[in-house]
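Construct the entire structure; sequences and hints are all you get.
Those protein sequences? They're chains A and E, same order as listed.
When you line the first sequence up against my numbering, it's residues 1 to 296, in that order.
When you line the second sequence up against my numbering, it's residues 1 to 277, in that order.
Treat the hints with caution; some may be incorrect.
Claimed, not checked - What the simulated footprint calls covered on chain E by chain A, stretch by stretch (three residues with Cβ under 8 Å from a Cβ of chain A suffice, anywhere in the stretch; the number is not a length): (1) 101 to 109; (2) 122 to 131; (3) 178 to 188; (4) 237 to 250.
Stated by the list, open to error - The list that follows gives simulated cross-link-like pairs (lysine-lysine, DSBU-like), each with its CA atoms no further than 35 Å apart: (5) E:K249 to E:K220; (6) E:K124 to A:K110; (7) E:K118 to A:K110.
It is worth saying that the hints were derived from the structure and are not from the lab.
Just so it is clear, the structure is predicted and the values come from calculations on it, not from any experiment.
Glycine included, each C-beta is placed from N, C-alpha and C at the ideal position.
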Amino acid sequence: MARTRQDRIEGVIEWALRACAGASVLVTVGILSILSVETFRFLREVSPLEFLFGTVWTPLFFQESFGVLPLVAGTLLVSAIALVVALPAGLLTAVYLSEYAPPRVRRSVKPVLEVLAGLPTVVYGYFALLAVTPFLQQFIPGLSGFNALSPGLVMGVMILPLVSSLSEDALQGVPRGLRDASRALGATRAQTTLGVVLPAAMSGISAAAVLAVSRAIGETMIVAIAAGQQPRLTLNPLVPIETMTAYIVQVSLGDAPTGTLAYRTIFAVGMLLFISTFSLNLVSTWLRGRYREAYP
Amino acid sequence: MASRTMAIPSLADVAARGREGEVVDTGTKVDVRGLSCFYGETRALDNVSMRIPAHQVTACVGPSGCGKSTFLRALNRMNELIPSTRVTGSVAIDGQDVYAPEADPVEVRRRVGMVFQKSNPFPKSVFENVAYGLRVNGLAGSRAELEDRVEASLRTAALWDEVQDRLRDSALALSVGQQQRLCIARALAVEPDVLLMDEPASALDPIATQRIEELVYQLKQRYTIVIVTHNMQQAARVSDGTAFFWLGKLVEHDLTSRIFTAPARKLTEDYVTGRLG
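Quick look at the structure:
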């Protein structure tokens, strides 16, 4: 008798777990379908060509214009600044931790880096606006209160742990035997790292870099707070700009009545954002899969 | 393929050769004195002294954990890459102590090549694997010289005929046996005097193993070889001298023929005849 009772409990547990898994899939499908439907409605009124290649973005003005390029440019500008900080610093950190640091240092530094990753992004946003920007203004006279440079730099610090942690995993995945073989040939530690370990870990490191790009493009809070809200087609990091994510925040918080064309713009921009980050994540997963093939 | 048909001395041949006393004294290449190795507090090697003759194959045998691999890795200072290892004593190669304060471990490792148990080619092309040591040591002045030396090393390792059309292919596409011979070619490319082999055939099938053994037999003309092996038949087939390690100590080192037929110590006899370990 006890057996059938056990079976029933097992059955209930299995169904509960299945429901949880199903719910998250359902929510994802729901989000995607709302995004698609609203984007479709938006594109019935604004041609895809005008949306993707227009150079003026003023959906909330009397003189409406729906060219998304200024938002894309803002996003790419901030992301590029962030990556210029995060990729080299993250990779060097990973190389130090994996190839040079004594085990004791590695054990204590890694958790500290992960605390950086755990800080709420709103903290980074205010840090950029209230500390980094005023500091930079002492050296760069033309720097506006809102700009792409400061949030870009701070975002770089924020995604540094992601880059260093994933790259370090990739470096640690390189078999010990390759390092031994290189050292036994008379190569120094630096030669071994550059000539053998880094090339062997390259697909894992590329996966980390692609994920960092995706993270930078999708980052919202820092840019919403510190980059300004002026869609502007520029590569000048010293003036206020607006990213895709910051635009969505701006409209979601405020003025556009539900069902209007201005309201639908956030879904169209959201869709564009989703497609970019989703495809980047796919590339990252593919790269990591290739890496696992090389070192099962 | 002369190498494939070349006769490998059988156990009986070796024993016979020993009785007739044909082994010639070729002089000492590596002179090990009072060598001890510690991993943290553990003593892995205890006061080993041993003379390794030039242009001969010296086999190190003994059960797992007896210190024979530690001994091998102490000869080219590879042990010190592991944190918290400590070495005392001296290892003189051609009279120069590799542990002397002025000795450069990088230079020592270039002069003392090493082949590992698990074949570990770099994830590069066949050519680049062999060229790597030449590049990092700045040993080839021109592209032509580099190509010549890569080819020469591959020929010495009896691999050239199989890979000459595949030099640009990934080394990981070779068979395991070919990969191990590639690792030997890679080690030979930087022209070491001494070649250390840590169970080089233990992961290979019998045919690939035989090819490695044939190679070892040929290589001793140009190199002094120290080989660690678990396989008693292999030690008997390829080596001139055999050193038996037990619990971190060197129990006995003598001509292979003597170790396998009339060892001085009872422990050695029990081990080589399979009654121990």
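Going through the hints against the structure:
1. Figure legend: the stretch 101 to 109 of chain E, annotated as covered by chain A; annotation consistent (3 residues with Cβ-Cβ distances under 8 Å, at least 3 required).
2. By the rule of at least three residues with a Cβ nearer than 8 Å to a Cβ of chain A, the coverage given for the stretch 122 to 131 of chain E holds, with 3 such residues.
3. As drawn, the stretch 178 to 188 of chain E meets chain A at 3 residues by the rule of a beta-carbon pair under 8 Å; at three or more, the given contact holds.
4. With a cut-off of 8 Å between beta carbons, the stretch 237 to 250 of chain E has 0 residues touching chain A; three or more are needed, and the interface restraint is violated.
5. Restraint check: the Cα-Cα separation between K249 of chain E and K220 of chain E comes to about 26 Å, which is no more than 35 Å; the hinted pair holds.
6. Straight-line distance between C-alpha atoms of K124 of chain E and K110 of chain A comes to about 31 Å, which keeps the hinted pair within the 35 Å bound.
7. The straight-line distance between the Cα atoms of K118 of chain E and K110 of chain A is roughly 31 Å, inside the 35 Å bound, and the hint therefore holds.
Hint violations for this structure: number 4 only, all remaining hints satisfied.
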